[in-house]
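**Q** Protein chains in written order, with the working numbering: chain S, 1 to 346; chain D, 347 to 692; chain R, 693 to 1038.
Keep in mind that the hints were calculated from the coordinates and are not lab data. Some hints could be false.
[What the hints assert, rightly or not] Distance condition first, Cα-Cα at most 20 Å in a straight line; then the derived EDC-like pairs of lysine to aspartate or glutamate:
id, chain 1, residue 1, chain 2, residue 2
1, S, 193, D, 496
2, S, 193, D, 572
3, D, 659, R, 1016
4, D, 641, D, 623
5, R, 885, R, 913
6, R, 1005, S, 324
7, D, 539, R, 1016
8, R, 987, R, 969
9, D, 641, D, 626
10, S, 193, D, 567
11, D, 539, R, 918
12, R, 1012, D, 670
13, D, 539, R, 859
14, D, 666, D, 653
15, R, 1005, R, 1016
16, S, 320, D, 670
17, R, 1012, R, 999
18, R, 987, R, 999
19, S, 313, D, 670
20, S, 313, R, 999
21, R, 737, D, 623
22, S, 295, S, 307
23, R, 987, S, 307
24, S, 193, S, 221
25, R, 737, R, 717
26, D, 391, S, 277
27, D, 666, S, 324
28, S, 320, R, 1016
29, D, 666, R, 1016
30, R, 885, S, 167
31, S, 295, S, 324
32, R, 885, S, 150
33, R, 987, R, 973
34, R, 1012, S, 324
35, S, 45, S, 25
36, D, 641, D, 653
37, S, 320, R, 913
38, R, 885, S, 324
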Amino acid sequence: MGIALGELAVRFGCELRGDPAHMVDHVAALSSAGPGALSFLANPKLAPLLMQSRATAVILEPRSAGACPVAALITTNPHALFARIAQFMFPPPPLHPGVHPSALIDARAQVDPSAQIDALAVIAAGAVIGPRCLVGPACLIGERVRVGADSRLVARVTIEHGVQLGERALIHPGAVLGADGFGLAREDGRWLKVPQLGGLRVGDDVEIGANTTIDRGAIEDTVIGEGVKLDNQIQIGHNVQIGAHTAIAACTGVSGSTRIGARCMIGGAVGFAGHIEICDDTVITGMAMVTHSIKQPGIYSSGIPIEPIRRWKRVVARLKLLAERGERRAAAVPPDDETQQGQDDE
Amino acid sequence: MGIALGELAVRFGCELRGDPAHMVDHVAALSSAGPGALSFLANPKLAPLLMQSRATAVILEPRSAGACPVAALITTNPHALFARIAQFMFPPPPLHPGVHPSALIDARAQVDPSAQIDALAVIAAGAVIGPRCLVGPACLIGERVRVGADSRLVARVTIEHGVQLGERALIHPGAVLGADGFGLAREDGRWLKVPQLGGLRVGDDVEIGANTTIDRGAIEDTVIGEGVKLDNQIQIGHNVQIGAHTAIAACTGVSGSTRIGARCMIGGAVGFAGHIEICDDTVITGMAMVTHSIKQPGIYSSGIPIEPIRRWKRVVARLKLLAERGERRAAAVPPDDETQQGQDDE
Amino acid sequence: MGIALGELAVRFGCELRGDPAHMVDHVAALSSAGPGALSFLANPKLAPLLMQSRATAVILEPRSAGACPVAALITTNPHALFARIAQFMFPPPPLHPGVHPSALIDARAQVDPSAQIDALAVIAAGAVIGPRCLVGPACLIGERVRVGADSRLVARVTIEHGVQLGERALIHPGAVLGADGFGLAREDGRWLKVPQLGGLRVGDDVEIGANTTIDRGAIEDTVIGEGVKLDNQIQIGHNVQIGAHTAIAACTGVSGSTRIGARCMIGGAVGFAGHIEICDDTVITGMAMVTHSIKQPGIYSSGIPIEPIRRWKRVVARLKLLAERGERRAAAVPPDDETQQGQDDE
Chain S
1 MGIALGELAV RFGCELRGDP AHMVDHVAAL SSAGPGALSF LANPKLAPLL
51 MQSRATAVIL EPRSAGACPV AALITTNPHA LFARIAQFMF PPPPLHPGVH
101 PSALIDARAQ VDPSAQIDAL AVIAAGAVIG PRCLVGPACL IGERVRVGAD
151 SRLVARVTIE HGVQLGERAL IHPGAVLGAD GFGLAREDGR WLKVPQLGGL
201 RVGDDVEIGA NTTIDRGAIE DTVIGEGVKL DNQIQIGHNV QIGAHTAIAA
251 CTGVSGSTRI GARCMIGGAV GFAGHIEICD DTVITGMAMV THSIKQPGIY
301 SSGIPIEPIR RWKRVVARLK LLAERGERRA AAVPPDDETQ QGQDDE
Chain D
347 MGIALGELAV RFGCELRGDP AHMVDHVAAL SSAGPGALSF LANPKLAPLL
397 MQSRATAVIL EPRSAGACPV AALITTNPHA LFARIAQFMF PPPPLHPGVH
447 PSALIDARAQ VDPSAQIDAL AVIAAGAVIG PRCLVGPACL IGERVRVGAD
497 SRLVARVTIE HGVQLGERAL IHPGAVLGAD GFGLAREDGR WLKVPQLGGL
547 RVGDDVEIGA NTTIDRGAIE DTVIGEGVKL DNQIQIGHNV QIGAHTAIAA
597 CTGVSGSTRI GARCMIGGAV GFAGHIEICD DTVITGMAMV THSIKQPGIY
647 SSGIPIEPIR RWKRVVARLK LLAERGERRA AAVPPDDETQ QGQDDE
Chain R
693 MGIALGELAV RFGCELRGDP AHMVDHVAAL SSAGPGALSF LANPKLAPLL
743 MQSRATAVIL EPRSAGACPV AALITTNPHA LFARIAQFMF PPPPLHPGVH
793 PSALIDARAQ VDPSAQIDAL AVIAAGAVIG PRCLVGPACL IGERVRVGAD
843 SRLVARVTIE HGVQLGERAL IHPGAVLGAD GFGLAREDGR WLKVPQLGGL
893 RVGDDVEIGA NTTIDRGAIE DTVIGEGVKL DNQIQIGHNV QIGAHTAIAA
943 CTGVSGSTRI GARCMIGGAV GFAGHIEICD DTVITGMAMV THSIKQPGIY
993 SSGIPIEPIR RWKRVVARLK LLAERGERRA AAVPPDDETQ QGQDDE
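Work out the full structure, taking the sequences as your base and the hints as a guide.
**A** The structure is reproduced here in structure tokens:
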């Protein structure tokens, strides 16, 4: 399934330095590439690898082209061009429209005849599966769910009643969309369940990772904007809103009613408190703790990198010593909010 | 499906200010409520929203009643009354007792005839499903599992052999109850599996969120007390005990053999070390790190909120500088525990 | 199903002090053990419990044997001996070779006749299931997956196309192996998907916990070494490599392309940045943040334990004050990297 460099240059509108008749048939990392491989250089720090690369061709920026010992496909955004070419060379497997005999589709569901419904999928009454969708094995599609055209639910995706998915969704195994949010009212030391009556709306071109959970709203809807990309094992609480084209890395949790703006980049294992607002174009580094709203775009961090344990214990000890000194000085000062609540043990 | 305010006041024993004949037929947030909507004001900070609310009626505290421009249902605990009324107005869908033809029920399982067993559920030998239970689609119920009366396993819940669930459990998709704990013994640089021979007992009125995992005990049982509420993606290790009416927010992890008391409130993404004890009525804020036992009720925190990255790097740098100064002063002092173990690299 | 202490001593090659005819038929913790129980003392801090133990026999180290009031099985590694004896006394349930009638096995899959394939398992074309494997209920095995001999997929395990599993794998419910990594290229404020073309190779004797996710590689493979043990709800990003006999506790996340060495011990909820290398024999304590490579074996930590909230707020306030002082002093100094990127809001 090789393709000539000349054809790639024409099809993707980039400059080629090298023999247009040379063929590539797979992709590889710069350092391990061999004959027939297409590679790319997106991170200038890796430029030294370029010299020794044995790839047939490398996608790179104009400024790196001179140092390239093999054919070069030149573009201002090598990673994006690589993505486009790799999508072209390695498209998802073609659909086989039709319904597997073991799938269970309610007579009141509407499945487009161009969709592929795999083994043991369950589609409930009132659900609508759009054209050219893939509903992979063991997916559960609840009542009145809508899955937009060209969506792919890879396998074992759970979508609860009423959830609305846009077009070209890509959902990975174990994801749970539209489960109840964590809505509780306290009464006499016990918890009453607050029925979760809102829904979940997901825009077009959204990817949702394996075992990620997105709760339905308590009263109004949880909303995931178009082009949002969620990695694995992310938790999105009820009534959260995430703006268009925001990407969130794995293991991050967003508490209820928080709004994250558009085009944000959120690292892994970040924690967001509830009821806060993060403005558009905010970047948050991994493992940060976000407890207040952000009104100014920028890069925000917290979290302290590891040290050898003995040294780390000193860091902690000195930090707490500092606070104790402050405490002694503060002893005559009136107590703050927590003390008035009577819930602090000091 | 409207209901008159007068009927609500009588049925739920609260004071009504306004026309008892007015009808509500849905719930809405204060700010977006319109005609027919029932809303509530639980957080006094939101009182300004009350003035403009176009809800038909608002549930609120006596002190807020005077400022309410529409009908008011008055109670000392508006959130709890809202929960009760919403439960009444929007009960879960009625059960359809019986077994879906695609469900696989072992002949030696015992399923109450009033229970509803959905598509592709698998119920193994010796399992007992109580009266009026819902076993949703694709649930796996292992051997000798007991599911108490009126429990609802929404969909795709996995319960391994021997787990005991109380009455009125509510378990969300992707939850895994009773998987092996992480029991390993080291020998010559390799790991031997320690068979996980304990069970898992879950009290009445417990809710367990999507993709939450609760391990069975190593030798004795893991125990979840009555009324405990667990959000999504929580991990509970083997032999953990959680006291009655404790609520834990999403993404929190509890290491093996730790005991958490009753009526605790644990924030999201909190980490508990193993083999510690947390007393009753403890509150832990989100993302806190709990490495020692707590003997005094109160609110406990750790975790440092974000800063712009440049400022945050200064925080970290100064913190480590402090510790280095301490280190130089400590250079003549005999080494501490870690050094004696010979495992520290300093 | 009792066994005589004498038989245990002979079979496992350890010293017995006590009556070889005494029988044990279950295991129990030291403090709750009664007649017929076999217990163990691995942690010398628990030695006081030994005095009152009513176990029939206790596995312990030579130095503890004198203080043991009941029969003692003596070994230098009590936890490992306990693991071996417990494995012997309580082996996993025997296999029932054959295919459940509801399982769906593609005609082009190869299932060893000695394997047990449970209800509603789905095995795709080209998959190979080795001798004496258990494929539990509702497992999904993708195209061309290989499952090595004697592996046990407990239930509801998802393995995507082409993943290679070694022998004696033990995989718990909800685990997802080989889902797409989080590969995105940014172009004009939107995200392009980078096809995830690599695979996932898992060595022999690997255990993978409930709801853990391991992504396939972007271009090359993700690799999990032999004897690796992964707890629940762990996230392993694309192209990660984990060395042999490393154990990782629950809720930890490893970002893409990071390499963790052999025989490491990683605590729970640790976060690893991408593209770093952790050397062999490294220990990382729970909730630590690992943002740079580690070249020296040792124990590493970060994370600050909880304090009562009022005191904790003082810690945070003083920490930030320190940094502000540093900032004022630094005001005349040229800006650092982040400022040059123009992405910081200061």
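**Q** Under the criterion that the straight-line Cα-Cα distance not exceed 20 Å, is the pair residue 193 of chain S, residue 572 of chain D satisfied?
**A** Status holds; Cα separation ~14 Å.
**Q** Just to be careful, I want the Cα atoms of residue 1012 of chain R and residue 670 of chain D compared with a cutoff of 20 Å; is the pair within it?
**A** The hint holds at about 18 Å.
**Q** Is the hinted pair residue 295 of chain S and residue 307 of chain S satisfied, with a Cα-Cα distance of at most 20 Å?
**A** violated (33 Å)
**Q** Residue 666 of chain D and residue 324 of chain S: Cα distance at most 20 Å?
**A** Distance of about 18 Å is within 20 Å: holds.
**Q** Can the restraint linking residue 737 of chain R and residue 717 of chain R be considered satisfied, given a maximum Cα separation of 20 Å?
**A** Distance ~26 Å between residue 737 of chain R and residue 717 of chain R Cα, so the pair is violated.
**Q** Is it true that the CA of residue 320 of chain S sits at most 20 Å from the CA of residue 913 of chain R?
**A** Status violated; Cα separation ~45 Å.
**Q** Decide if the proposed pair is consistent with the structure: residue 1005 of chain R and residue 1016 of chain R, CA atoms, cutoff 20 Å inclusive.
**A** Judged against 20 Å, a Cα distance of about 16 Å means the pair holds.
**Q** Under the criterion that the straight-line Cα-Cα distance not exceed 20 Å, is the pair residue 1005 of chain R, residue 324 of chain S satisfied?
**A** With Cα atoms ~11 Å apart, residue 1005 of chain R and residue 324 of chain S stay inside 20 Å; holds.
**Q** Does residue 295 of chain S pair with residue 324 of chain S here, judged by a C-alpha cut-off of 20 Å?
**A** Violated, at roughly 33 Å.
**Q** What's the verdict on residue 641 of chain D and residue 623 of chain D, does the C-alpha distance respect the 20 Å limit or exceed it?
**A** holds (8 Å)
**Q** Starting from residue 885 of chain R, check that the Cα of residue 324 of chain S is at most 20 Å away, please.
**A** violated (51 Å)
**Q** Check the hint pairing residue 641 of chain D with residue 626 of chain D against an upper bound of 20 Å on the C-alpha distance.
**A** holds (9 Å)
Hint violations for this structure: numbers 7, 10, 18, 22, 25, 31, 35, 36, 37, 38, all remaining hints satisfied.
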